[in-house]
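Chemist: Given next are the chains, with one letter for each unit.
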Amino acid sequence: MSARSEGAPASGPRIGVFALQGDVREHLRALESCGASATAVRRPSELDSVEALVVPGGESTTMSKLSIEFGLIEPIRKRIAGGMPVYGSCAGMIMLAERVLDGRPDQESFGGIDMTVRRNAFGRQVDSFEGPVTLSPFDDPFHAVFIRAPWVESVGEGVEVIGRAAGRIVAVRQGSLLATAFHPELTGDPRVHRHFVEMVRAALNVTEG
Amino acid sequence: MAEITSPTLSTGTASAPATGTARVKRGMAEMLKGGVIMDVVTPEQAKIAEDAGAVAVMALERVPADIRAQGGVSRMSDPDMIDGIINTVSIPVMAKARIGHFVEARVLQALGVDYVDESEVLTPADYANHIDKWAFTVPFVCGATNLGEALRRITEGAAMIRSKGEAGTGDVSNATTHMRRIRAEIKRLTSLPEDELYVAAKELQAPYELVREVAQAGKLPVVLFTAGGIATPADAAMMMQLGAEGVFVGSGIFKSGNPAQRAAAIVKATTFHDDPDVIAKVSRGLGEAMVGINVDDIPQPHRLAERGW
Chain A
1 MSARSEGAPA
11 SGPRIGVFAL
21 QGDVREHLRA
31 LESCGASATA
41 VRRPSELDSV
51 EALVVPGGES
61 TTMSKLSIEF
71 GLIEPIRKRI
81 AGGMPVYGSC
91 AGMIMLAERV
101 LDGRPDQESF
111 GGIDMTVRRN
121 AFGRQVDSFE
131 GPVTLSPFDD
141 PFHAVFIRAP
151 WVESVGEGVE
161 VIGRAAGRIV
171 AVRQGSLLAT
181 AFHPELTGDP
191 RVHRHFVEMV
201 RAALNVTEG
Chain B
210 MAEITSPTLS
220 TGTASAPATG
230 TARVKRGMAE
240 MLKGGVIMDV
250 VTPEQAKIAE
260 DAGAVAVMAL
270 ERVPADIRAQ
280 GGVSRMSDPD
290 MIDGIINTVS
300 IPVMAKARIG
310 HFVEARVLQA
320 LGVDYVDESE
330 VLTPADYANH
340 IDKWAFTVPF
350 VCGATNLGEA
360 LRRITEGAAM
370 IRSKGEAGTG
380 DVSNATTHMR
390 RIRAEIKRLT
400 SLPEDELYVA
410 AKELQAPYEL
420 VREVAQAGKL
430 PVVLFTAGGI
440 ATPADAAMMM
450 QLGAEGVFVG
460 SGIFKSGNPA
470 QRAAAIVKAT
480 TFHDDPDVIA
490 KVSRGLGEAM
500 VGINVDDIPQ
510 PHRLAERGW
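The listed protein sequences correspond, in order, to chains A and B. Residue 122 in the numbering used here is what sits at position 122 of the first sequence, and the numbering runs on without skipping anything. Remember, the numbering used here sits 209 above the position in the second sequence when you count from 1.
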């Protein structure tokens, strides 16, 4: 369903950044630096024009509320069901979780990844930290920034765990969906975004046969 | 100052995770961008703010409009009240400490607040020195009326800046002035030849390295929010268009006729700040805005924006 239109730039896939709230600019910049054509998405019509989506860091309760009120939640769920690649960092990871613990009772996520995520699991801001994490797609450790970060409590069978910190699952992949509890957009290390852009390219090639 | 904590990452590498680093502090503010932070004095108000879609709440003893009306010394909020707010909402909780009052800030850090606002809205505790904010694990936000003031606060360790505006008035004119001034002063720096940055630093009364960083990046090294007198969805949207990356609303919400609806409307107008149709839609039927005071009617010594230096 996300067939590339005729006018798409040859430079790279068109990837949207969910922009109702959060660190949108950092993700746009990281995606552009990896050769994608990145654009902010606040409206359903803007979602229609992208081939993949990044859900940034931010406040997941605010994202949930605004995506319901501005009619983005159902279109995003449909696109995810249709195979659109999505990457979520921190709050974005929460938005991609099928099940959320310690959220608000009325909090809704887009879902897509068969996992249970615990919100603010690493603690409050005074517990936020940075440090190296081993991620299975990369040879060298990734310097990761965790801010009031969630962790993944449990995953279903189809989910590949690609990183842990302090014994907790902090990076996962399921099909074309990728999620990290940390913020690669804050450190200038392009590897996670590059990995996602490659996932998008692979997914689009399959779609286009 | 980075503080090394014990939990080890399962990577087997030598470098331990670090809390309270500049990146972790500044990064927290990045996550609030595009959002609205609301002043609350009780857990009930905090709940209304969270329900409305606030990205964080700011705990304080009295909202600025009441501080103005009632006078007296205003201080950090009661720890019981802050605990109550922390236990009521799941979004970040900020709290105000008096300018220079490093012990109030220590208490707030011990209570587990997520950000400390060293705020001119409270009565200053030190008329010469601000808090040495590098010495804390918790990050700080500070007010500024111009670029030099913002850079001095960043030099002291502030991880987020907000315009001061004139709190408790419902008059947005000072916030406008501060946002425009900060933006214009940054723009001027970016246009200066390198050899004029030394004098620019002297004039701004800020360290040369920081001035040079701003000149090269064309923005502050930390997130810039707006605050002071924002009372309507259109006020919030205008501030965003003037370059604010997010909005603090103080008295504007809980001094209005319908706080829950106004709070939700300001959240939406902040996200769609460039879309007049959305702003028009959310501005309908909000009831009474806070009554407000014109900044010009406030005698000079009672203007909060002039506290801090």
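Hints are computed from structural coordinates only; laboratory data are not their basis. This structure is a prediction, so every number in the text was calculated from the model and none was measured. Using N, Cα and C, we set each Cβ at its ideal position, and we do this for glycine too. Misleading hints may appear alongside valid ones.
[Unchecked claim] SDA-like cross-link-like pairs, simulated, lysine to any residue; straight-line CA separation at most 20 Å:
1. B/LYS256 / A/ASP48
2. A/LYS78 / A/ILE68
3. B/LYS428 / A/PHE70
4. B/LYS428 / B/GLN470
5. B/LYS490 / A/GLY156
6. B/LYS428 / B/GLY366
7. A/LYS78 / A/ARG104
8. B/LYS256 / A/ASP106
9. B/LYS490 / A/LYS78
[To be verified] Some chain B residues flagged as far from chain A (calculated, every beta-carbon gap over 10 Å):
10. GLY229
11. GLU239
12. SER283
13. THR399
Chemist: In ascending order, which of the hints set out earlier in this document are inconsistent with the structure?
Modeler: When the structure is compared with the hints, numbers 1, 3, 4, 5, 7, 9, 10, 11 turn out to be violated.
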